[in-house]
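Participant: Chain by chain, the residues:
Number of protein chains: 2
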Amino acid sequence: MQKVTVIGSGNVAQHLIKVFLQSTEIELVQVFARQPKSVSHLVPQNKIVSNITQLEKVDVCIVSVTDNAIAEVAAQLPFQQQLVVHTSGSTELTALGLNNRKGVFYPLQTFSKNKTVDFSNIPLCLEAENENDYKLLEQLAHAISKNVYRISSEQRKSLHVAAVFVSNFVNHMYYIGSEICREHQIPFEILQPLIQEVAHKITELPPAEAQTGPALRNDTKTLNKHIAFLENSNYQDIYKLLTQSIQNVKKL
Amino acid sequence: MQKVTVIGSGNVAQHLIKVFLQSTEIELVQVFARQPKSVSHLVPQNKIVSNITQLEKVDVCIVSVTDNAIAEVAAQLPFQQQLVVHTSGSTELTALGLNNRKGVFYPLQTFSKNKTVDFSNIPLCLEAENENDYKLLEQLAHAISKNVYRISSEQRKSLHVAAVFVSNFVNHMYYIGSEICREHQIPFEILQPLIQEVAHKITELPPAEAQTGPALRNDTKTLNKHIAFLENSNYQDIYKLLTQSIQNVKKL
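Chains as they are written, first to last, in our numbering: chain A, 1 to 252; chain L, 1 to 252.
Don't read these hints as lab results, they were simulated from the structure.
None of the values given here were measured: they were computed from a predicted structure.
Ideal placement from N, C-alpha and C gives every residue a C-beta, glycine not left out.
Keep in mind that the hints are not guaranteed to be accurate.
Estimated spans, in silico, between C-beta atoms of each pair [unchecked claim]:
#1 L:Arg217 / A:Pro206: 29 to 35 Å
#2 L:Arg217 / A:Asn248: 28 to 34 Å
#3 A:Thr116 / L:Ser233: 38 to 44 Å
#4 A:Ser120 / L:Gln54: 28 to 34 Å
#5 L:Asp237 / A:Phe229: 18 to 24 Å
#6 A:Ala208 / L:Gln54: 18 to 24 Å
So that you can see chain A by itself, here it is in the shape it has in the complex (with noise of 0.2 Å):
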């Protein structure tokens, strides 16, 4: 059994919990935070420590908080020369100090607090110092998911750029989708199914053989009524720089 520690108590902290508790293969020993209720629902009392001179050694301590608090965390741990890793996208490794051995254990995936999610589908991606710690990581990681990577930090560094355009940018032409519906008093729900398809295609096809629409067909007649139909002088922005860059595409 691996002996992990977790510290935080956010969004991803608490889904790491929920899944070690319910492996098999895992203890979890003790959990930090700094408000022992935020995770009381979720851990036994014996179990959550809200002074951090009293975090034990284990095999792997998960220091899950925010970006900004990593470094200051990590410079307070109790012990010396241990597995170290953070969970985060973009935070260097060095933040996690001098002081331990370090890693990181990246789940990439978006958490809400209320959602469930299947962890066996979420790719972790991890780096260590050395092979033997990278073992570690590894069969912690398979012992909750499918889909494990080895990504150096400077990988890391682009996914998490990729991540933005694919999720957060994604998830704003969905809000301009919702606004353009909501200004003609058309249910939201209508783009539902075409949505759901162009997110399913690209399991199959590759995006840039999945790109249809008319900027790619150059239908300028199309193209100019779209612009003149949006009077948001924002959205025509968008629309003309999206189009230029699908185009630029199709030239190469």
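Once you've looked at the hints, dock chain L against the given chain A.
Facilitator: Relative to chain A, chain L alone:
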């Protein structure tokens, strides 16, 4: 049994032909295709017509050809005062000419030729010039789909623009994500669970509430790191414009 004819042999036409042939409430009387071979794998030979003057009167004649060809085809129909509809999201009703009663039968979905689609989930957007014709279209639509909507010409225009944002532009975001992955030797599949979750999330939450990420948090440190990381100036412009647009929503 409603009698229908389909004019055309493209993606939408072929999907309509298949689903009409499966329905017990609809009789597919004829299919018009310039090249009979293009539909001979779907339709019995005696129903295929390649001379437009051979088209018979039916309850609903569906013109499912490329947008630019609708007016030309409609002008050649060998009957008058019949109900003729097109299947286009971005074509005026008037393109169907003055000889027949006009309407729209617009399936809001992306269709790929070799991909089976569960038609019963596809939203059908209907329009007619009078209530009797609307009832005819509604009956036809309900025979093949659960999702039937009355959508005016004005609403259809806005729906088509909204669809560009939530499908074409979303797919382009997937493309940029896949390019960033490719440039850094990361398999794009790592992003798939995130992509599917983001699409799924808005079936439960309005997009404005589902928004996450550094733009929404105004995490300028991460935003600047990402922009510096993106060496491609086109991707930088998109990143900046969409970040700004997400932050405009927040301020409302």
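Participant: Each hint: holds or not?
Facilitator: We went through each hint and held it up to the structure:
1. L:Arg217 / A:Pro206: 29 to 35 Å: 31 Å, holds
2. L:Arg217 / A:Asn248: 28 to 34 Å: With Cβ atoms ~30 Å apart, the hint holds.
3. A:Thr116 / L:Ser233: 38 to 44 Å: For Ser233 (chain L) against Thr116 (chain A), whose Cβ atoms are near 41 Å apart, the range 38 to 44 Å holds.
4. A:Ser120 / L:Gln54: 28 to 34 Å: At 58 Å between Cβs, range violated.
5. L:Asp237 / A:Phe229: 18 to 24 Å: Cβ of Asp237 (chain L) to Cβ of Phe229 (chain A): about 23 Å, so the range 18 to 24 Å holds.
6. A:Ala208 / L:Gln54: 18 to 24 Å: 42 Å, violated
Violated hints, in rising order: 4, 6; the structure is consistent with all others.
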